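Residues per chain, in single letters:
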Amino acid sequence: MNTIFLIIKREYMVRVRKKSFIIMTILGPVLIFGFYAIIGWAAVSSINQKKIAVVDESGRFVNQFKNDDETVFAYPKESLAEAKKTFVKQGYNALVFIPKDVIEQPKTVKIFAEKSVSLALQSNIERAIGKEIETIKLKEAGITQKIIQDAKVNVDAQTISLSDAGEKSNNGIATTIISGFCALLIYISVLIYGTQVMRGVMEEKTNRIVEVIISSVKPFQLMLGKIIGVALVGLTQFMLWIVLTIGLMTIGSRIISQPKETAQSQMATRMNGMPGGQEVQAKMSTAKNPVADVMAAIETLNLPLIVSCFLFYFLGGYLLYSALFGAVGAAVDNETETQQFMFPIMMPIIAAIAFAQIAVRDPDGPLAFWTSMIPFTSPVVMMVRIPFGVPVWELALSMALLVLGFVGTTWLAARIYRVGILMYGKKVSFRELSKWVFYKG
Amino acid sequence: MNNILETHHIIKQYAEHRALDDVSLSVPKGCIFGLLGPNGAGKTSLIRIINQITAPDSGDVILDGERLNPNHIKRIGYLPEERGLYKKMKVGEQLLYLAQLKGLTEKQAMEKLKIWFVKFDIKTWWTKNVEDLSKGMQQKVQFVATVMHEPDLIILDEPFSGFDPINANLIKDEILELRDKGKTIIFSTHRMESVEELCDNIALINRSHKVLDGPKQAIKEQFKTHTYHVEYQGNLDTLSPAFTVLKTRPTDDGFTRADIKIPPDAAVNELIRHLLDRVAVRSFGENIPSMNDIFIQAVGEVPTT
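As you go down the protein sequences, you meet chains A and B in turn. Sequential numbering from 6 applies to the first sequence in my numbering. Sequential numbering from 29 applies to the second sequence in my numbering.
Everything labelled a hint here was simulated from the structure, so no lab data went into it. One or more hints might be untrue.
[To be verified] Below, simulated DSS-like cross-link-like pairs (lysine-lysine); rule was C-alpha separation at most 27 Å, straight line: (1) B:Lys135 <-> A:Lys223; (2) B:Lys118 <-> A:Lys23; (3) A:Lys23 <-> B:Lys156; (4) B:Lys115 <-> A:Lys431; (5) A:Lys14 <-> B:Lys135.
Quick caveat: nothing in here was measured; it's all calculated off a predicted structure.
Make the full structure from the sequences, and use the hints.
Below, the structure is given as structure tokens:
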């Protein structure tokens with residue numbers, strides 16, 4: 006047991022101290038952060054307030070336009086001719102002229118601006134004037150503000166999934182995104198770390214150090230130590246990414262949101278499109294902002310379950326595949342020979358991604374069910390299904406099968422491994438490999 | 029128990045190929061034991077079995093009176109023919125790791141390594157990556173890795189390959205020193221001159237079978253051909269028919285060299301007397317078979333390196 010710990014320690018330390026590991030660990034969150042920073046920056050710059058001068062000959066609109074984050078209205082007492090000459094110098098972005106007979110002839114409203122006015126601003130002003138005229142006309146017709154307010158009904162359909170835990174709000178798109186993300190992450194990390202195991206085994210074999218090592222330890226210990234060591238490297242990387250991302254986001258959102266008080270709320274919404282900071286945008290209006298929408302939906306999901314399942318299925322899937330990758334590394338003499346063996350190993354996990362696409366659309370269908378039971382595809386497919394809710398017995402069965410699966414592949418891999426690492430200069434075939442499995446000690 | 033290692037009727041079968049067939053050996057404690065044989069004879073298979081890398085299909089290996097078991101790992105040091113170290117790992121770290129795999133604590137390993145680093149004058153290598161060392165330097169590191177845990181049995185597979193003469197001598201001295209400390213060295217090689225020089229006992233394996241084993245002197249005795257060489261001036265034609273002149277050839281400086289075979293029961297003095305009567309003798313000696321001769325005779329082929 007002590008020797009296997011030594012092996013794990015070496016495998017772990019060697020990889021964690023590598024430059025590529027440190028760079029990837031730092032670069033990962035920086036990339037995510039950069040992505041959000043660009044969104045955030047775009048959000049801030051688009052909220053550049055516009056000052057609008059309103060010359061109102063009708064006198065009905067003075068102080069009637071609502072100031073908001075994006076536009077501020079002022080009402081200079083000037084004639085149109087004067088205002089037209091001076092509004093740019095006075096710092097206004099646009100000049101709105103409302104003639105006396107605006108209520109009868111709404112189309113006579115004019116907007117002047119040095120540069121062309123954005124469509125959004127134009128429609129804003131049009132809407133504001135239109136609404137005002139509407140209110141005035143309704144008032145004249147004897148309908149009070151209260152009746153108008155009462156008449157406005159806001160319908161916002163929510164999908165509610167019924168489960169044992171009771172009703173909970175759900176959001177189809179958000180769940181789909183989370184599912185897909187988890188599945189993809191498992192797929193990528195199983196391949197990346199599985200290949201690392203294969204490379205490690207090959208390195209030992211081609212370096213010929215393996216003979217020295219296995220005169221001290223059992224081949225199985227060496228293989229298992231490597232697999233566990235690399236798994237810990239993977240977990241470390243995930244943890245560091247999460248911690249660094251949260252850290253960067255917290256610092257980043259503080260820096261960016263400070264200069265503009267008015268922009269803060271909107272910023273917070275967008276900046277929180279990452280794990281950890283959901284409390285802020287929980288109170289946000291979700292109508293306009295898709296990111297906030299997703300985040301709000303995440304809140305309704307069982308995050309601890311998803312995260313713990315993610316870790317389980319990552320480890321399970323990784324152990325299952327990395328053992329096979331390790332066996333390939335042991336069987337071959339060089340990188341080019343790996344191709345023929347890599348393909349059949351990668352087939353099921355690539356297929357799993359295809360099944361996952363179907364499972365997203367029909368998470369409880371028979372295909373999704375069976376592929377989330379088979380250990381070779383379950384890490385990916387089951388991760389797709391979990392955010393949608395999976396019965397406990399299915400989850401338990403799938404996990405149990407996955408454990409059996411990786412015990413099985415590890416056993417098989419160990420049989421190939423112990424023969425392969427001492428076999429040089431021989432091009433192996435599948436038939437040869439199957440013979441190795443039945444060799445004695 | 030005088031034998032540190034005994035193998036009893038070892039059989040190892042690989043698919044259609046029998047690598048070892050009924051191989052029994054005894055390696056006495058405190059000797060340098062040469063394990064000889066042509067390529068593919070089964071030496072490496074035997075060494076791997078002794079190192080518990082593979083197990084025999086049948087037969088026993090006895091180390092110091094006990095059946096081979098995992099506790100013996102730390103009592104054996106193994107230098108494989110194909111040398112290998114982690115290239116991207118620092119020399120010091122790597123040796124500490126390998127020592128700990130052999131059961132030493134980190135502290136013990138550190139102490140032992142310090143002694144070796146001073147002895148080989150390689151202190152500056154501690155923080156170097158293995159890939160930055162020359163091949164000869166790597167060999168030295170690997171030799172340290174083999175012996176640092178002070179094993180009782182040291183198995184060296186072609187220990188001198190890749191060393192320049194100076195370093196080869198250094199290693200040779202180490203091997204002799206280890207033997208003098210009571211360690212046993214099994215030494216697998218093709219180089220008969222180093223067998224001649226170092227080995228006390230030998231075993232010769234050919235085509236999966238042991239064909240020869242025992243103390244080197246006894247084997248040489250066994251392979252003696254009862255021939256003597258003499259360098260002389262004069263004529264040997266009248267030599268007694270009891271002695272057979274195998275061949276004669278002139279030397280560069282006007283003498284003649286002859287190989288003479290005597291009957292097994294004849295006395296050498298008789299031959300000398302005959303010679304003295306007839307020719308002017310410059311030198312006389314027995315033709316003792318070299319290990320190379322013995323190898324060729326036993327195996328029927330020239331040892332290749």
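Hint check:
no.: 1; hint: B:Lys135 <-> A:Lys223; result: holds, 24 Å
no.: 2; hint: B:Lys118 <-> A:Lys23; result: holds, 13 Å
no.: 3; hint: A:Lys23 <-> B:Lys156; result: holds, 16 Å
no.: 4; hint: B:Lys115 <-> A:Lys431; result: holds, 24 Å
no.: 5; hint: A:Lys14 <-> B:Lys135; result: holds, 17 Å
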